[in-house]
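Novice: On the provided structure of chain A, position chain B as indicated by the hints.
2 protein chains.
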Amino acid sequence: MSILIKNGRVIYGESLDVVNADVLIEGNRIVKVGKGINEAADTVIDAKGRVVSPGFVNLHTHSPMGLLRGLADDLPLMDWLQNHIWPREAKLTPEYIKVGAYLGALEMIRSGTTTFLDMYFQMDKVAEAVLEAGLRGYLSYGMIDLGDPDKTDKEVKEALREMEAIEKLNSDRVHFAFGPHAPYTCSIALLGRVRELASEHGKLITIHVSETMAEIGQITERYGKSPVVLLDDIGFLGRDVIIAHGVWLDSRDIQILARHGVTVAHNPGSNMKLASGVMPIQKLLNAGVNVGLGTDGAASNNNLDMLEEMKLAALLHKVHNLDPVIADAKTVFRMATLNGARALGIKAGVIKEGYLADIAIIDFNKPHLRPVNNVISHLVYSANGNDVETTIVDGKILMLDGEVLTLDEGKVLEEAERVVEKIR
Amino acid sequence: MSILIKNGRVIYGESLDVVNADVLIEGNRIVKVGKGINEAADTVIDAKGRVVSPGFVNLHTHSPMGLLRGLADDLPLMDWLQNHIWPREAKLTPEYIKVGAYLGALEMIRSGTTTFLDMYFQMDKVAEAVLEAGLRGYLSYGMIDLGDPDKTDKEVKEALREMEAIEKLNSDRVHFAFGPHAPYTCSIALLGRVRELASEHGKLITIHVSETMAEIGQITERYGKSPVVLLDDIGFLGRDVIIAHGVWLDSRDIQILARHGVTVAHNPGSNMKLASGVMPIQKLLNAGVNVGLGTDGAASNNNLDMLEEMKLAALLHKVHNLDPVIADAKTVFRMATLNGARALGIKAGVIKEGYLADIAIIDFNKPHLRPVNNVISHLVYSANGNDVETTIVDGKILMLDGEVLTLDEGKVLEEAERVVEKIR
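Chains as they are written, first to last, in our numbering: chain A, 6 to 429; chain B, 6 to 429.
Chain A with its partners taken away, still in its complex shape (with noise of 0.2 Å):
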C-alpha cells in the first residue's frame, strides 16, 4: 500500500519549515518529502490549497466519555464527579462503553487527531473500537483502590485482563498502558505494584497528578509531602510515566520531573474548564520537562478537539502571566505533535523520511484560514478540528474528504443516543 499527497503545504521536520512538497508514503512510513513526486502509488491524494500536518497526538483523555458530554457543566470538580459523572459511569455496561469509544474514535479522526493516550475502563472494548476505527491508541484501565487492601487485588487482576486481552489483538497500533487513577484515589501498595508491573510488561504508566488545589492539600495531610515527592520516594516516576495535568507544581516537583524524564500531559481546556488552575507552563519548558497536550475527557472539555487546545494552551498562559511572548505558535504546536509521540516512545508527530504516516490534511480553502500568512499561527490561532479534510494513520486513510471510511458514523451517532437514555 502506497499513498502520494500532491501539491500541498507541508509543515516539515522538528523546525516546522512550511514547504510546498509532495509526501509519499510506503506501508505505514513516510518515505519520501519532495518537490514533484512522480512515483505510482495506490492512492493519490491532491492536496493544493491545503495543508499537510503531523496528525495529532491527544495525551490525555478519556475517550468514551462523549457519552457524557454536557450532561453536567459549571459545577465544582467534586460536586461534578461525585453527583453526575461517577453516579451515570456505574450504569455503564462493556457495551455501551464500546459505543462511546467508538463516538471518541470519529471525533478524533474528525479532528485529525491520529494517537491518544486513554484511561477508562473496560479498555478491552475500547481496544476493539479502536482497531476497528484504525487510530492509534495508548489504553490504560484508570484503577481506584482507595487504601482497600482487597481492591488492590482486583483493580490489579483487571488491569492484566485487559491487558492481556489487548496484546491477544496483536496489533501495532493498539496498546495497553498502567492507569492508576491518581495519588489521592490509590494506595501506595497499588502504586508500587504498577511500577513493578509497568517495568516487567515494558508498558507506560499514565496518572492523575496534582490536578487541583485540594489534591495537593489532601496528599500533603496524609503523607506529609507533594504528590510528586511522594511518587519520587517510592520510586515510581521515570521516563515511560506520563503525568496528567501537573498543575500545582512547586520548583522542587519540577526539578523532579525533569530529573527523571517524565513527560506532563497539560489539559487547558479542562483545567480552565474544572477550575482546576493554571500550569506553569515556562518553568516546566525551562527545566527541560517535555510537554506534551491533551483535551481529558469530552465531559469536562467538551470535544476532542486538538487544534481547539492548542489555541486555549496558547492564550492562557499568555493572559495568566500578562506577557504575550509565552506559549508561542510553534512551541504549542510541537506540544500537540512531536512531544506527545516522544512520550509514547514512537517515531511520530513529524513529518519527516522515515517516521510513522500518521498525517491530518487541513483544507485551507475558507475565509478564516486566509490569506495564508503563516500556516502554523492559522492552525494554533484560526483553525477548528472541523477544517481537517483527511487523516492518515499508519499509512491507512481513515477519513477522506470529510468521509469517514473505517466507521459507520450515522449509526454510530444513533447509538450514542440509546446509550444516553438508558444512564440518565
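Think of the hints as simulated: they come from the structure by calculation, not from any bench. No false leads were mixed into what you were given.
One copy or two, either will do: identical chains are not told apart, so a pair holds if it fits within one copy or between any two.
Below, a list of computed lysine-lysine pairs in the BS3-like style, where the Cα atoms sit at most 30 Å apart:
| id | residue 1 | residue 2 |
| --- | --- | --- |
| 1 | Lys427 | Lys40 |
| 2 | Lys416 | Lys11 |
| 3 | Lys335 | Lys401 |
| 4 | Lys427 | Lys53 |
| 5 | Lys416 | Lys40 |
| 6 | Lys11 | Lys53 |
| 7 | Lys357 | Lys53 |
| 8 | Lys427 | Lys11 |
| 9 | Lys96 | Lys162 |
| 10 | Lys335 | Lys53 |
| 11 | Lys230 | Lys288 |
| 12 | Lys335 | Lys96 |
| 13 | Lys53 | Lys416 |
| 14 | Lys335 | Lys427 |
| 15 | Lys352 | Lys335 |
| 16 | Lys208 | Lys230 |
Specialist: Just chain B, lined up with the frame of chain A:
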C-alpha cells in the same frame, strides 16, 4: 418573502428554552414559532437534526483585519501595533479595505454572526461590502487625533463624510456609529465633539476603554483619574455608548458604567492573546452592567468565530477565579446574542414572535455535538463556527447548507491573497 424552518430544535425566547418547533419568517420578522406550522412559504428549510439559534452579535471587531491574520503573533501589544499592524495599515487603500471587509463578512456569515459593531477606516467602503453581503452592520470610523487640534478637525470631518456616505446607502441594515479610538489616543476636545455629534445625529458611540494596565497608567498620569472616571467627568457616557474591553475596571468604574447604562463589549480571545488581562465579569454582571461579546479583529484572535469566543469567555473566568460556576453556558450565550442586540437597540438576538429574523442554523449531526444532551452547553463548549450551516439576516438567506449565496467566495479569497502581497 417568507421562510419556513421546519423540524428543528429551536432556542426560544430570552429564557433559551429548547423546543422542537417550526419557525415562520415573513419579511424581516419572525412571525410564528410552534409545532406543525403549515403555512405556505417561499422557501422551506428542513432543520431536522439541526439547532435553530439566534444569530450571533459580534459587539466589537475590526472586520477588514482578516487581511493581517497571522502576520504578527506572540508579541507585546505596543510592539504588535507599532511595528507590525500600523505600518501595514498605512498601506491599505480604500479598495484593499473593501476586500478585507468582504473577507470578514464571509467569515461572519460562515460562523453564524448576523450583526456586528465594527471599527476601522474607509467605513463607506466597508458599508458597501456589508450591504452586498447581507449582514447587519454598525460601522464606526476609528478616530485618532493624539491631541493635535488640526487632526481633531480632520478626524471629525472624515467621520462625517463616512456617515453621510453610509446614510446615502439608505439601508435598514447598515448604520454609521462614532468610533473615537480610545481615551489615550483621543483628546478631550475630540471626545467632546463626538459626544455632541452622536447625540445630534442619534448615533451610537463605541470606544476602546481600559484595555491594558499601560493605558490605566498613562491616563492616570495625564488626568489624575481612570479612563472611565474621565469619560464620566466630561459627560461622555450614556446608554448609547459601548466600551470595548473594560479589562482594568475598579469598583468605582463599574458603578459609573452601571449608572449610565453603558454596555461593555467583552473580548476574551484578544485579551488573552495580547495578554491584556481579565475583565471582572462577575462584578460587572452583579452591578447590572450589560455585557456583550466580541471577537476583536482577526489579527488579535485570530478569527471572527463567536462560537469559539463563547467558550473562551466561559473558560477564562472559571480558571481566573478558580470558580467553575461563574460564566455559565446560558450567561455566556446571552452575552453573544441578546445582550449585544440590546446594546445596539435592536429587537434581535432572540427567537420569538416579532423579533428580527436573524438566525443561525447549526448542524448537530456531528460526533462532537452528540449525544444531544444539552443544546446550549454544546453550542458554548463543543461547537465552533464551522458547524453553522445556514445563516439568515433580516429575513434573507445569506448561507444555505454551507453555500454562501450573497458573495463570490472564491473570488474574495483570491483577492485577499493579492492584497496581502502588496502590504507585506
